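Peer 1: So the chains spell out like this:
4 protein chains.
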Amino acid sequence: MIIVMKKDAGKEALAEVKKRVRDLGYKAHVIHGEARDVIGAVGDERGKAVLQSLESLPCVEAVVPILKPYKLASREIRPEPSVFELAPGVTVGGRELLVMAGPCSVEGEEQLLETARAVKAAGARVLRGGAFKPRTSPYAFQGMEEEGLKLLAAAREATGLPIVTEVVNPRDVDLVARYADILQVGARNVQNFPLLRLLGQQDKPVLLKRGMATTIQEFLMSAEYILSEGNQRVVLCERGIRTFETATRNTLDLSAVPVLKEQTHLPVVIDPSHATGHASLVPSMCYAAVAAGCDGLLVEVHNHPETASCDGPQSLTPAGFAAVMDKLRRFAAAADRDL
Amino acid sequence: MIIVMKKDAGKEALAEVKKRVRDLGYKAHVIHGEARDVIGAVGDERGKAVLQSLESLPCVEAVVPILKPYKLASREIRPEPSVFELAPGVTVGGRELLVMAGPCSVEGEEQLLETARAVKAAGARVLRGGAFKPRTSPYAFQGMEEEGLKLLAAAREATGLPIVTEVVNPRDVDLVARYADILQVGARNVQNFPLLRLLGQQDKPVLLKRGMATTIQEFLMSAEYILSEGNQRVVLCERGIRTFETATRNTLDLSAVPVLKEQTHLPVVIDPSHATGHASLVPSMCYAAVAAGCDGLLVEVHNHPETASCDGPQSLTPAGFAAVMDKLRRFAAAADRDL
Amino acid sequence: MIIVMKKDAGKEALAEVKKRVRDLGYKAHVIHGEARDVIGAVGDERGKAVLQSLESLPCVEAVVPILKPYKLASREIRPEPSVFELAPGVTVGGRELLVMAGPCSVEGEEQLLETARAVKAAGARVLRGGAFKPRTSPYAFQGMEEEGLKLLAAAREATGLPIVTEVVNPRDVDLVARYADILQVGARNVQNFPLLRLLGQQDKPVLLKRGMATTIQEFLMSAEYILSEGNQRVVLCERGIRTFETATRNTLDLSAVPVLKEQTHLPVVIDPSHATGHASLVPSMCYAAVAAGCDGLLVEVHNHPETASCDGPQSLTPAGFAAVMDKLRRFAAAADRDL
Amino acid sequence: MIIVMKKDAGKEALAEVKKRVRDLGYKAHVIHGEARDVIGAVGDERGKAVLQSLESLPCVEAVVPILKPYKLASREIRPEPSVFELAPGVTVGGRELLVMAGPCSVEGEEQLLETARAVKAAGARVLRGGAFKPRTSPYAFQGMEEEGLKLLAAAREATGLPIVTEVVNPRDVDLVARYADILQVGARNVQNFPLLRLLGQQDKPVLLKRGMATTIQEFLMSAEYILSEGNQRVVLCERGIRTFETATRNTLDLSAVPVLKEQTHLPVVIDPSHATGHASLVPSMCYAAVAAGCDGLLVEVHNHPETASCDGPQSLTPAGFAAVMDKLRRFAAAADRDL
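Residue numbers (our numbering), protein chains in the order written: chain C, 1 to 339; chain S, 1 to 339; chain U, 1 to 339; chain B, 1 to 339.
Chain C extracted, bound-state conformation (with noise of 0.2 Å):
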């Protein structure tokens, strides 16, 4: 950390100050700058909020954080980038693009079942689908729950793909766990930190879905989380986040894909349909992810996206995610990916 004196801080003050830092287990070390000076805090400042309250004392302007507060999700700690198996035979972070896909909520047998055998012809490694569904409104369809789940299963079964779908509640993650390959926590829930703690203490791997004004530092932190009861399998998923623009539901943050990779080993992998929220977007949002650098992508499908009971106008039909696949292969290998 370091601290920045008030212009007219005395002797007095500066000497207090530097009392109080070492009081607090770090090394207190002066610069005499022309207009003020400023201590650096030296030692471990991560998990000491305590540092940042020396700037309620008047004689301190401010105290700004040096480190980053994240240690397991850094690449300090693990310089390589991360390479793990979602379910038998479906790694991400890899060479290959992992490419999942499905309708927003889980609406029924044949609407599900017909859609993931279009998007496993397509290409799509892992089926989407929500069975619980946090929705704005408490009168709109909240998802078939358990049923969903089941219906999840059976369209496993049928098609071979694992399936990821999203827990919204603590009390929910075993029952959720029981079916699903890969839990996901919803961009409402990224700082949910009672469910995050569960979902480190689980076996499956965690799809962890940026908030809508999440920045990236916090991202890492609730990811973190998860990391650090031990469940490393975390895959990072950008869906847009929240800005004046209207014209998009949300504003696709696609150089946070570059800054993930500088900062964390973790895969990233992107979610052009919630971000842009209509349909004619996705396909260049496809492209234009797999080309700035992430490790997969979250796309969905339904077979008939003017009768969804949910986000029906950013879904792709079968052949339009059919076609959006072809064209990806072309970006994906000049991205030196496999798809």
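If you are wondering where the hints come from, they were derived from the structure by calculation, not from laboratory data. These figures come from a predicted structure and were not determined experimentally. Built from N, CA and C at the ideal position, the CB exists for glycine as well. Mixed in with the good hints, there may be bad ones.
Just a sample of chain C residues kept apart from chain U, beta carbon distances all over 12 Å, derived [said to hold, decoys possible]: (1) 84; (2) 200; (3) 215.
Calculated pairs, DSBU-like style, for lysine-lysine (alpha carbon to alpha carbon, straight line, at most 35 Å) [what the hints assert, rightly or not]: (4) S:71 <-> S:6; (5) B:6 <-> S:7; (6) U:18 <-> C:19; (7) S:327 <-> C:7; (8) C:27 <-> U:71; (9) S:27 <-> B:7; (10) B:7 <-> S:19; (11) U:7 <-> U:68; (12) S:27 <-> B:27; (13) C:120 <-> S:6; (14) B:19 <-> S:7; (15) S:68 <-> B:6.
Got chain C sorted already, so can you dock chains S, U and B onto it with the hints?
Peer 2: This is chains S, U and B only, laid out in the frame that chain C set:
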């Protein structure tokens, strides 16, 4: 809903969309415009996302909602402001301003009791203090949990102040409700729908904080989750939204007060501490909040901010809080409110 | 500046960066941290972007500024608030609150005069009105230009109110200055540096509006452009920033008032009309602004808002404005201000 | 426009609003809804803000526009993409990708020439370089002005590359146009309407940058200012928008590419340098931009970034740029574009 057709959509497409609108149980009313046609879908559009999915038809440009999606929270259902008791003798929503104050987190008996006595002496009517702390970092102090709840209950014994404290896990709702008078939902949990549903089944009032990236409409939808389960005692709390500005921790959206007052009957309070992040900015935001027409304040006070294990920079000292309360009385009077 | 070295940067890299810092005219002061080293560059860092460019060295992780980049606008240069005359007998920055009111744009003699008389009767001290209108659409009404300036001058004759009006083109500065008492820079021109420089050479006070995406620090840098050319009479105007919230036209950042008051000696006024975009929200934001400690208000008033050629929805009627002024007196008194 | 009446607005109010709509020259078409009535105002709503002012009537809840407000920029006017020459032999909007590269600011003959030769050798088709620099601080380097323009012209002589450079003052348009091939409008001037009008009267193509807080619709309205004055050669440039994220200088909005491609026929290029602010993030954003379907790139290259007087941290070295161009060819081929 207003369904806007594309410019070159022909008669057949129009007829097809009209049919679909009717099949979904709405009346379809067409306006032929100069540049394009629009269809008004007449019926209760709330709770039916399927209408929105018509946007995925190639002939439809956009589907624009007209009705507000919330019901029970709206002024249309209940034109008069809600006034209710939070604890015996402590009401919100009426002429009396409600000031809730105390430390960000409960750290120990002396800290809590000393602070509680001070805020009571200065005129606070409710004691705040966190026992379960949702922290960005897994390595940061996470709260004293049940031990903290016990200290809060002891402070209530000692001072007579009812207590408000946060619940972050659906699992803990019953536990927290055994100790607390008012159950707080933090900004990160504003769309933790399983938690909201459970709180809707409690017989205790709920203090619901707006999220960092929650629109006012979404905020009211979250309140609607609680109301629709039967609990009518919801207090809304604006605590700053996330913007590009970094001079403050968040940007306090005080215009949310008159907007909410137009749209809902629920009481509205302001948290200037989390909004600004700096104790020196808190007093003027307290005055402004009351002038804007809010029903109360939630203010962080700590007996020794510079040693606080959480949010020290934004905490007032007891003396600072007393000075704010003194001056606040003048603004309360100007706003025809009692303090 | 604090130069943060990368974790694995060796001794040679450190020596190289130290040398470069010294070559740029700074003293280099190293702190050896546990995880990485940092170099404090001691000297006046303002005006030297080159130091920042050291960030492009492979061994440097980040370059973090410590000093605020503005000088003349800062409290460190001038600890007391600036109080100055805008026109004979009309001051800003002192005990008296300054209320400026009038239509968004000058539309005709009757409209302007009727409105001017009404706002004067209600207590406004300055008449506002746009003759050059920066409009998002090239097809929208662009203002009456010099004809409008003449009408403003006539309204000043008739009422005695000095006038504030916007200048959007450096070419027009002299023209507008011939008519206006106060020269307004609109939000879209907050970083129109050639315009700011010219206004810095004028002998008339400048009302500088914050841009929709301007940080407080950038806002003060724009004021610094004017001050550094010699014109010390700059009034800062917060008028809402752009955020994700759509219930209001912009989000009024009232916490900017105390932040600015801490950092600068310049007077601060609030424009609640553009901030909220809805007349019904304007009154409470006027009261809140005064309670927050601002030095004045800029309010849109139109004698017939529903026929306004610009910004009708956010304009108060004369009667509405008079009612606001009446109630505002109570808040002014509570804030120890005269109205 | 759709005019939404308030819930309790009676028949008389409805009749009154219908009359006003007709008096403004529109047809009024009423839909009686279950909860409220709406009026469709049929006619060309562009350029008539008065209709919006009906929102100030007490019986009106909202006025919702249906038509896009731009004309000449729209796909509806010109369904095919615009393809045009920027300089002899250099076109934009067609199959060939346009790469513009060079330093942020012209600093001297050697710097410019060395960089120009390097970017040409790597495949750039246009040389960029700022002579008039809009800088946040009045104390920062403001550009070499006409001297810089002369150096740019000399670099064109030496390399054959046409030059793009920024104009920040309407007064300088003729001066800059004498030297430059393409006139650039910077992000801060995207709503400098007098400047846009003048550029609309020039016979040189214009590179228009999106502002930090400019919606896509407003961006197209700014283009419309230029088009409506007669200059049809406008190139749109997305360069990042301002959001809460601080890991990057701005947030590159790559989904703006497909959105713009749907709405306008104008070519779209991407500036990954200003968007990200860090050279290490630029390569992947170049690849992603091309995959997203853009027509070209604007990239900062400096022969010695660590000594740059402006934006060093985001500048590629010549070697770095050459490596990007090499790999970019693969993505261009995947996107069916030539480079």
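Peer 1: Work down the list of hints and note, for each, if the structure agrees.
Peer 2: Hints versus structure:
1. 84: holds (25 Å)
2. 200: holds (24 Å)
3. 215: holds (15 Å)
4. S:71 <-> S:6: holds (32 Å)
5. B:6 <-> S:7: Distance ~29 Å between residue 6 of chain B and residue 7 of chain S Cα, so the pair holds.
6. U:18 <-> C:19: holds (29 Å)
7. S:327 <-> C:7: holds (29 Å)
8. C:27 <-> U:71: holds (33 Å)
9. S:27 <-> B:7: holds (19 Å)
10. B:7 <-> S:19: Distance ~27 Å between residue 7 of chain B and residue 19 of chain S Cα, so the pair holds.
11. U:7 <-> U:68: Judged against 35 Å, a Cα distance of about 27 Å means the pair holds.
12. S:27 <-> B:27: Roughly 22 Å between the alpha carbons, so the hint for residue 27 of chain S and residue 27 of chain B holds.
13. C:120 <-> S:6: holds (33 Å)
14. B:19 <-> S:7: holds (27 Å)
15. S:68 <-> B:6: holds (12 Å)
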